[in-house]
Amino acid sequence: MPTDHRADTPPKSLQSMTLALTALGVCAAELALTGPHGSSATALSFAAVLTVGLVVAHRYWQRCSEGGLCARHGLPVVAGLSVLSAVIEGLRWILQPEGLPLELQLFAGWRGIGLLLAAFVNRPLLLRIAGAVSASWVLFASCLVEGALMFGVLVCYAILGSLWLSTLYWSLVQRDLVSGTSGRLRVPVVAVVWCALVLVVILLGAGPQRSAMLLAELLPTSGGSDQYDARSRGGVNDGDDVVAARDQARSAGAVDSNIFFDSEERSFYDAAQDIYGEARKPREYTQAIAIEAERMRHDHNLAEQQQARREFALTRRESKRPRRPVDRYSDALFHVEGPGPLHIRMFAYDTCDGVTLRESAPPTSRPELTRQWGGWLKLEKIERQDVFAGTVRHTFRIVKLEARQLPIPPHPDRFLLGRVDQARFFRWTHPGILGLVDGKVPRNTVLHTRSRTVDEDLLTHWKFPAVTRYAMPHYREVPLALREDPRIENLARRIVDDKPRGWSQIKAVEEYLRNHYVHVRAAKVPEDREDPLPWFLFDSKTGPDYLFAAAACVLLRQLDYPARVTSGFYVDPANYDPESGQISVCPEDIHFWAEVLLPGDEWLVVEPTPGYEKMPASPHLIGRLFQLAGAMGQWMVNHWAAVLGVIMVAVAMVWQRRQILAGLYWVRWRLTYRGSWRQRVLSTLRLLEAWAGLEGRNRPVGWTPLRWYEKKLRSRAPQAATFFHLTSLAAYGQPTGIIRDEAIQEVCLAAVYAFRAGPGNSSQKRDESKASPVRRD
Amino acid sequence: MMRSAVGKESASFWDRIYYYVFEADYLADFNRYLPWRYALGCLVMAAAAAGICGWLIHEQAYVLLACIGLAIILGLLWPGVSILGIRAELDFDRQRVREGEPVQVRLRIQNSWPLGIWGLRLRGGFALDSSSGRTDDCSASLAVAPGWRITEFAWKWRPPCRGQYPLTIPRLATGFPFGLWEASRSIEVKQRLIVWPTTFPLHLLPEAAANDRTTEGLTPVNRVGTSGDVLGVRPYRRGDPLRRIHWGQSARHERLIICEQQATACPRVQIVVDLQPEHHGGIGPYSSREWAIRVAASIAEAALRHASLVELVLPDAIVPYDLGPMQRGRILDALARAAPGNVQSLEHMLGQRGCQHPSGLQLVITTFASLKKSSEKLAPQRGRFVVAFAEQCFAGKPSPEPENGADHHFSRLDALRRVFRIDCPHHVVEEMQAIWKELLCAD
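From first to last, the protein sequence lines stand for chains G and F. Residues 1 to 777 in our numbering are what the first sequence spells out, letter by letter. Residues 1 to 443 in our numbering are what the second sequence spells out, letter by letter.
In isolation and in its complexed conformation, chain G is listed as follows (with noise of 0.2 Å):
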């Protein structure tokens, strides 16, 4: 069906529906000029008083339009205005340097056109222009600001679209309407605002970023260009290569156009020696003579002592370096975006003597990575478990993290580096944990991961397979200081009692560390103990994680389980930062836990240390749905009081609709009662046809009011009638003689409490035969 340009003058609500269509795509484009860094509220405000001269344009040229004015008066103001407004935002860009980028330049000037046309919504062919002008504003705004505001503004936006759509459509249905059936749009409304709203809430469970992404799956966002720009936001122009997109995770510098230079920044072990404090070294290892690697025979088990790998000593005294004072936000050394709580692996552990922890050697077998399209590298797995929930996704932005390895989540299923999509780039630096052959992961690099979450409740009718089949011997090895301390394997036996073997007994071994020891940081193993794990368990009962992690590592293993130490970095939700959207990761976020081997070489975060959470299951849609329906019933329940009232409210409402509906019509009668008789009449007429309307009484199409009055109301408000006659005369006739404002004012009242008194109350009437609107000199 082609679009019917010769349409008449389309229908008032119509007409209102388009400039509120173009308000609310004034809103977003003034939030997109205004920037994410400006007042929301001046944007809104702004759009307001935009809105406000729309309105006020289209009523000045709907009465001109109505006195037989045509294009000639409309057209120059159109053509100048948008001429002057071209020049306003050239001479804008060339006077003032920190104004709008040439872009936002474009676009404020395009919204000037398109308020200008929207001003002429009562000629069919530009309401539909206007229409699509709005539409414009909001794409072009969607891309440039994100945030609540302007979600809510798109999800308004499309509702109100749905209705314009389908009231255009409905304004051709009109024109050839069977006279005797009504010609509103009542329940299709309630309808699609139903659907809308069912769209929103399923939305706002999975969330804007989650479900934009959704249909992005594989496709990064990009941007910045070649040119320089000082007036650049948020990366969308390139402004100081390191400087301009420093701050946001999700920009996406040029990995070409890094300087790589000797870091000065502390490394990940002066970070750990400052909130460590120094190792200690035991007594009997004081004289030790580090063995070069070369003399030593090549033994598997042996293999962590061949080469001078790092250690890790769980034995520490105070530091004697001054920690200096460092903001949070300056000396990150990584930014998240994304769902926390995450533990970033750095380093494995997987031999521990009782008093040092000692680094897992590099495994030699290389990542099985394919490359997927956009530049992802997917991680290809023998033998998958089937333990995991859904996937999360993250952004990270490396700042000063200076390290080969790669700070990637557990269970990474595929991720993308900037755009290094080779797999010989990339090597295992410990098993599990994933890092760069040559060098370390450059600064200002945008690195995007997808991982698998794990899901305790599957884990946990998961069955182990016996251990010896997938786990190297040095994963279940107890030190043999350990070992020989009884007390360990008893306390180990006890903590699972009687629990099946799997992730119970792993899972209460956790939580049995969790509820009986205290997590201090600063405390330290005293200077005359040398089994810092015993003291730890049976004496202090209160260490830091490091003792927490080595004492779970040494539990499992005791009870038969592959389990190693892990160090690196947590990401702590309390460090959410609102305005920016992410999480900073500093130095102090160094963390150590345990982890439990499983088949496929998948690690398991087992994390012993109070105050640490591990991240939850992500569920999939349907789960989120329930989950969705279960936060919100307990809500309710939490909040009945309030659910109860609103309800009570909803419901007083839906049962009064009518009479609330009648007195809005009249609010809406006084509003507009004004201007000459006719329009005084007019408006009269329209509070009665509303009226009459909620009373099933409407005025069938082709009928005048006056006919409409005698067939179907004269027995409803007898009073009226001098009204409805007066109706024929402001409708199609001229007056014979003058006016008086006083009559009309008399009639129209007479008419309003005749009809709001109803049939056969004794209501207050008014004599209409002695008010006589006409006096004929």
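Note that these hints are calculated values from the structure, not bench results. Worth double-checking, as some hints may not be accurate.
Said to hold, decoys possible - Chain G stretches covered by chain F per the calculated footprint, using a threshold of three residues with CB under 8 Å from any CB of chain F:
id	segment
1	128-139
2	166-174
3	390-401
Think of the CB as a built atom: it goes at the ideal place given N, C-alpha and C, for glycine as much as any other residue.
Fit chain F to the supplied structure of chain G, relying on the hints for placement.
The following block gives chain F in isolation, referenced to the frame of chain G:
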């Protein structure tokens, strides 16, 4: 052509600018291929723009893409699903009616879905009034057919032109909610409506209709004959038949005396209507073809009113001689059903046996274009008269000069060929009534 506000030559500069920018159709031949001429095309373009912005710039644009996609899916699925639950029947309150007379149309819709169906439009089957300027074939719209109900809609409709309605199988269509695509379903027609052509009064009956004296009828004719009651006697005149000589009176008066008799005659009128579309001018209800049918109907009614035997010869049908109200119904039905397609030529019609030497009055209604081609078959003959329409006048062209040079304002009769002329599309009734008056006196 500029529209009303700028139709005058003195339209202002800005009016012309507005017309050329906003109203002029530069791609009229390609309109059907332009996506922005359709609501669905506009939405698809908007979705594509949103998709591209989401891909290249910011994923938030995908939210807009999802909303537009949802609107498209809803706009395509809802009409299709809605129309599946609809059954409709159409009938009229009468079987026959005249052009322009109101008739009540009844449409019964059965909705099997629980939800109401909105925005139903009746398409096809009913000719639109040409003055409305509409190009779509929608003749009525229905606001809502409530769910799980049989709803009856009734409205008054004035047929603009004769015919058998519905002209085509009507369909009930809906494009609700957004009008992106219309799903339709055919309507079962319980009873068709025959719209007779309008007629105008023609008084009396031409004498030539009673040329055939062999059949007695009901119409008294002011002419002596050879049968019936004795009217009187008179002296013999040369040429009188001998068997009418009254020998007794002749002997008494010693000269030949003839008896005169008079009986009621039965006039015969044969109406031949040429409906070849290529020989007629104009379109719609006011073309020369439709006027020819109306003239034929008026003549038939006038003749039947005077108890004449009337025969109607159409290119695709012949209604044989008969009289009475039944014959009137048959003739008007045949005229109402006259098909617009390729039909027999006038030459072929006049070559049929019944049309070659008619008894009584033969009226041929045709056009000048057809007259030129059939001049041999239309040789002047007693009782044959031709009413010819100047088809070019009905097509909006200036009237050509009469061939015989006669001033057609005074006499429309081409005395030689017995051809009457109608060339004013706005005064056909008056011209035909004037022609009828002349016919009354013709031999």
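Structure-based check of all given hints:
With 5 residues carrying a beta carbon less than 8 Å from a beta carbon of chain F, the segment 128-139 of chain G meets the three-residue requirement, and the given coverage holds. Evaluation of the coverage hint for the segment 166-174 of chain G: fulfilled, as 7 residues show C-beta separations to chain F shorter than 8 Å, against a requirement of three. Closer than 8 Å: that is the beta-carbon criterion, and the segment 390-401 of chain G has 0 residues meeting it against chain F, so the requirement of 3 is violated.
Hint compliance for this structure: hint 3 is the single one not met.
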